[in-house]
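Kindly generate the complete structure, drawing on both the sequences and the hints.
Residue numbers (the numbering used here), protein chains in the order written: chain A, 1 to 478; chain B, 1 to 325.
No wet-lab data here; the hints were simulated from the structure.
Note that CB positions come from ideal geometry on N, CA and C, so glycine has one too.
Where hints are given, some of them may not hold.
Coverage of chain B stretches by chain A, computed from C-beta distances (three or more under 8 Å per stretch; other residues unrestricted) [as the list claims (entries may be wrong)]:
1) 1–7
2) 110–117
Keeping only pairs whose Cα atoms sit at most 30 Å apart, straight-line, the calculated BS3-like set for lysine-lysine is [stated by the list, open to error]:
3) B:103 x B:126
4) A:218 x A:273
5) A:269 x B:270
6) B:297 x A:269
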Amino acid sequence: MAKVDFSEYEIKGFYDEMFNDNRAVRPSYDLFKKSLENVSWNKLNHLQHSTDRAQLSLGMTFNVYSDNQGVERILHLDIIPRIVSGNDWDNLAKGLRQRIKALNLFIDDIYNDQKVLKDKIIPKELILSSEGYLKECVGLKPPENVWSHISGTDLIRGADGKFYVLEDNLRCPSGVSYMLENREILKRTFPEMFEQLHVRPVHDYSHYLRDMLESLTKVENPAIVVLTPGIYNSAYFEHAYLAQQMGAELVEGRDLVVQDGFVYMMTTKGLKKVDVIYRRVDDEFIDPLRFNKNSLLGTPGLFDSYLKGNVVLVNAPGAGVADDKAVYAYIPRLIKYYLGEEALLPNIKTYICAEEQDCKYVLENIAELVVKQTDGSGGYGMLIGPHATKAEQDEFVVKIKKNPRNYIAQPMINLSRVPTLCDHGLEGRHVDLRPYVLYGKDIKVIPGALTRVALTKGSLVVNSSQGGGSKDTWVLDN
Amino acid sequence: MLSRIADTMYWMNRYLERAENYARFMDVNFNLSLESAPDAVQQWKPLVVITGDWPLYESLYEKVEKEKVIYFLGFDPKNPNSVYNSICHARENARAIRPELTKEVWEQINTLYYFVKKGLEKKRWKESDPRLFFKIVKEGCQLLYGIFAISISRNDGWHFGKIGQLIERADKTSRVLDVKYHILLSSTQSVGSQFDLSQWAALLKSVSAFDMYRKKYGKLTALNISEFLILDTVFPRSMNFCLIEAEKSLKAITGNETGFSNTAEKQLGKLKAQLEFADINDIFESGLHEYVDGFQKKLNGVSTAVYDSFFANEREQIILQSQNQ
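Listed below in structure tokens is the structure:
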């Protein structure tokens, strides 16, 4: 039976994670490739099929429509892993620590002294007009002065082989359960490769997460809960998974009640006090008394209890002020300002439409640029100039002129590619990288990540809502 | 334990028990239909009546036909209690309380879910022998009970689940007995013809009671069968046994040893005592149907009382308080 071979694999001038420009295999993939070449195509397809089934039986699904007969989908897991060398990873982790530290100092500053605004490092209007800015949080000092305890940073590798930060996710980054479960599945798919390759383990994540959450309160044996919007939320699997892995209670807003300033959950034996809430409900919905009054997902009085210091919310409300796409452009300057260091992880050149000069450039060069809505996510509200029609480009010109604050633009970066199992064998597909960082008393970067892959040929959009899948990410020991 | 979770645990188990019972009813009835008179109405209508969904069936379908009934009870998305829907509900409930379950339980419930979903897609009721589908559902549920038993701690969640399962089981046994008995019995002593014997055996098999009954009584008689299914204290599907076990679980939750500490304990205790001190001759004298009917009503009362005592109390009190402020 025909074995896997890469003779027809095309690199096409992109940065390929597995091969260099001369089609020679990169050292990090060397053993993997050798091992894979002993597998038949049939077997490989069979392994992929088993992976799909494993995902279904693990319940790694999300609802596409919000009714109970709705369609459930899995996030396609491609079995060819994305392998990162130990050296690359260690540099990346260093850069992430630096960035997360600076961003937290920035958030703390914004809600307290606002030195960064007074020193005119970043325009005041930009911050105060940001949707993520919550005036209700002014003067607040969360435990350890950390606001974003759990973050996931989106990185890409460009044609020059360097990692760039694409986006910071400081509110409720999702996907970590996929990092963990993908690994469990791949260990069953390629057990012999794990033995040979010395992949750094990720399974400690839930222990670290629990320890970090416990460290944020002085209460002994604190009651920790994960607050979910409920089973119809697209990330529900993850909420349930993390609660179960940590041994925390999984609650919905309706299970909680605030009395005398404290938060309680309603149990079969009366009320039980809650100390730490890992909330996966957005700021806007956590408390109908303070924010969106139509929200059924939150708990009335929750925010006031938080302000009084009677309960810890993770991440802290208001942390989103720092992951606004317009703030992104300033982050290298913020790192310099707070830490006196140069940013170890570069940003992608970003044009801020709120700034006249930049806006002019964007409007003139829209056909070459990627335009993003500053408050958009999930790949929505985005224009990829070089792939768009003239009409689509014109539509964005009108939008930008109408509300420049809402847009930024970046040159189109060709994301690196990884061989991916497609209908006709292995083909290169574009990927990004989302590592996860925990920040309590210290900063922990878990040696693994969610690699998202654009499954559609030629596509650069890796979001699950737009035809994206995932890969397991193997960080090697050396 | 969160009230919502306790409630969900209770219903998850009820739905599983329901699915397992239906699957068994179908299997047994199909078997029976292979040998006895091919009168579809006589053969299949009682099955729908047992489930309590006869009015719904009548509103959806004009005639009683074997294939229609199999579809209605096994697959019909329009029937809230079909095997398909029961498994979907059970799985939906399991999803909502995923952290309370073990990985093994969750994976098995999921496997079962995908199995019935595929069954609907592949139109299994049209197959010449749909028994395989029901057999796999039945065994899938039983496997789940087993995984439950060996992997879940005997905490409150376990006990709420047990109560749900046992109430459902008692209800189904009582319904099978009531409906079948009604059909079979024109006079109390007329058991004996070939046809009747296979019907009575089928009744016992519908609740997995044939072998254990045989061991205890040997000969099939209406009185003994009724006694076995209503009053037996050691057969796991008898109405009495279900209540004895449900009460144990309830007491494990409340920690209360004597008397009652809430309405759930009170109503369950009363109903259990009624069975405990009942005599089958008395039941026959006052009318089996009336007796069983009364039992079902009281059992519903127990279910409501469990809800009021554990799942609803805090929420409604607190909502009331906050409205008064």
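We went through each hint and held it up to the structure:
Counting residues of the stretch 1–7 of chain B whose CB lies closer than 8 Å to any CB of chain A gives 5, so the stated coverage by that chain holds, three being the minimum. With 3 residues having a beta carbon nearer than 8 Å to a beta carbon of chain A, the stretch 110–117 of chain B meets the requirement of three or more and the stated coverage holds. The hinted pair formed by residue 103 of chain B and residue 126 of chain B fails the criterion: a straight-line CA distance of about 34 Å is larger than 30 Å. Taking the CA atoms of residue 218 of chain A and residue 273 of chain A, the gap is about 14 Å. The hint holds against a cut of 30 Å.
Distance check on the hinted pair: residue 269 of chain A and residue 270 of chain B sit about 23 Å apart at the alpha-carbon level, within 30 Å; holds. For the hint pairing residue 297 of chain B with residue 269 of chain A, the CA-to-CA distance comes to about 28 Å; that is within 30 Å, so the pair holds.
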